[in-house]
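The listed protein sequences derive, respectively, from chains A and B.
The first sequence begins at 1 in our numbering and counts up one residue at a time.
The second sequence begins at 1 in our numbering and counts up one residue at a time.
Each hint should be verified, as a subset may be incorrect.
To be verified - Subject to a maximum C-alpha distance of 20 Å in a straight line, what follows is the list of computed SDA-like cross-link-like pairs (lysine to any residue):
(1) K358(A) - S312(B)
(2) K336(A) - A300(B)
(3) K336(A) - S312(B)
(4) K336(A) - R306(B)
By construction, these hints were calculated from the structure, which means they are not laboratory data.
Number of protein chains: 2
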Amino acid sequence: MNAIVINTGTELLLGHVLNTHLQFIAREIFPLGFRVARQLTVPDGVAIQEALSEAFCSAELVFVTGGLGPTSDDITRDATAELLRLPLQRDATVISAITARLTARGFPITEAVLRQAEVPEGAVVLPNANGTAPGLYLPSAENRPHVFLLPGPPRELHPMFRESVAPILQSIRPAQRLEARTFTLACVGESVVEAAVGEQIQSLGEVELGYCARAGEVDIRVLGGRAVLDQAEALIKRAFPDAVFTSSGESLEAAVVRLLTERAQTLATAESCTGGYLAHRVTNVPGSSAVFLAGHITYANEAKQRELNVASSLFEPHGAVSEPVARAMAEGARRKAHADYALATTGIAGPAGGSGEKPVGTVFIALACRTGETIVEKSRFLTDRETFKQMTTQAALEMLRRRIIATLSPQ
Amino acid sequence: MNAIVINTGTELLLGHVLNTHLQFIAREIFPLGFRVARQLTVPDGVAIQEALSEAFCSAELVFVTGGLGPTSDDITRDATAELLRLPLQRDATVISAITARLTARGFPITEAVLRQAEVPEGAVVLPNANGTAPGLYLPSAENRPHVFLLPGPPRELHPMFRESVAPILQSIRPAQRLEARTFTLACVGESVVEAAVGEQIQSLGEVELGYCARAGEVDIRVLGGRAVLDQAEALIKRAFPDAVFTSSGESLEAAVVRLLTERAQTLATAESCTGGYLAHRVTNVPGSSAVFLAGHITYANEAKQRELNVASSLFEPHGAVSEPVARAMAEGARRKAHADYALATTGIAGPAGGSGEKPVGTVFIALACRTGETIVEKSRFLTDRETFKQMTTQAALEMLRRRIIATLSPQ
């Protein structure tokens, strides 16, 4: 079943905002048996109507993003209703949801805001947990394909898609379909993965293989029948017995929090170069407050001494970016919080601050354990500042994850 | 002059590769007086011909990316030539360039590879410094707009665009050009902004107005002639004398770091519910190490007492999520680091942990200043965990930014 994706938004066509909707929607619908046949981006305003009318003639499934908000250039809902000759009516449930949301935030309930409660006849409302404008689903009928009108902001679109759109797609999906499995590996390069398993998986027969690399992790995506996927899974797990941390899309930080929770163990952090990003990732995981005790961000040497009891005698011979300082930071943070583990990072994120001996990108990551053992790894991530933080925290979390799974299981 | 961008590539429609071409091209052509009116992505194969034929009828300028390579699904060049009834001829200069490139790398010169040297009659060859397939420019004629056929890989496209495409666009660009200005406001809702300035700006005359909302901030984008933009800018600054923190795309955290740096002032943080994200945002800014002294992530009450000297007597009557605890956290962090300012956050990010009196989303943000004054604001951000962190840190940074600009300027 072929889908068309229409992204509305002048900001996309001006290049002010990068359009990530196609990639998101394509990846979400593929495992359900759908593919995007065409995608187009149009500006806010009348161009939307033209694009919709083309799509309604040619596709079986249409996803429209954006143009559902309260301002005058948000015309997706009106344009769709007009084109399909469907009357719009204000929906009482949507009005209550909008009113509750805005009242809680102290915003006024204006006429403009209530336009977002208008629903075309026959449409199913898709609740928006993260914004005021709901999504709308119009089931296919004589003069139209299945149509989804969805919000533009990714933080509204993504949860709505997973919670409300996917179940509808499940119910209308074609009978025959392939299964997809994705295995995510931490701290292994894409080309290493391909060299290790690529040819072997391809030779299994009817199988489609893809890779997707992000900073510090890579997905192996395999599509095919169940028997072939089982064989591919066995191959991947044999080649990488430790590195696969999820085959269900769980993030590395969620995997670490889950492992700690299962073992009733606790974590503290001491960050220099990652500046709070390590703690941020851990505390993004719901329930992390049960395992995360305390975090320190110690940029200045003085803060490392004061907060983490790093001996001042270490700075002079070794420098703040060194194995002994990383070790002392982790041990100081662990002892202070009485935690089972502490992770510490100290490095040179750049763009400035490098030297001949310690160039930009150099980082020491330390893991202190309740057993008294402390492991320190030296790495170099030569990249921009934010990717440096991503790679470093990825390496730190993976160091902890491997340590936990290497010890005895909780049972 | 309106442009259409056509991106070809099945990998884009499967979501395996993120399509960054629209953003790149839109940003490159805008300063030259061109805008993208529509963008579409089509798979490799026959769909290209259909997309080209639509675009040739409606646009004055067409950019096509991808489909110029040596494999059988690379049909952009053939499809274009056929559609415009232009004979293809192998170009001797291109043959030499391809031969030299492949020979240097030890690759064989095959018939498939030499297809890339085919040039439609009347086309200008755009050399490819980073790949084998050259770009092609077809000047506008009776039956066609200006057409650029360009390579898909960004590392080939970007240099070719800047070196060969931009100079051609310079020579064909329209005499009159629009200017764009974007004003970013923190902690103000999109509908509030529109209600305050929307109609007034529209009534200035020849002007295009758009909004783009993100968590905790909104862009007002105005396009028009210089005189109108000056008037619009004055209107916006009168309606929101404090909230506009940038008109150059600077992030809120970068604005805060810049203001602190200009004043040689310093910052510390004490985070409960934001779990390190506040420090992460500040330390994402290059040069932040000069102003950011130390950060604390104190989830547990015990950590708040130990790290920030929050009196244990505060927890019992008020709870950890309270005005007095937020105040004590900020003051403790500021004193400990000897900083000019300290920001503290304590709240309930959810999904669990709320109560009748303090529902999920409740947050107290405190700013302690060297003057001895401490400001505390109570808010509620009812959203997912990550957006809650975004909104809370946005409110905290904005609180600090307004405090800094309210004091005397550094000169």
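For each hint, the structure was consulted:
{"no.": "1", "hint": "K358(A) - S312(B)", "result": "violated (44 Å)"}
{"no.": "2", "hint": "K336(A) - A300(B)", "result": "holds (13 Å)"}
{"no.": "3", "hint": "K336(A) - S312(B)", "result": "holds (18 Å)"}
{"no.": "4", "hint": "K336(A) - R306(B)", "result": "holds (9 Å)"}
Taken one by one, the earlier hints fail for this structure only at number 1.
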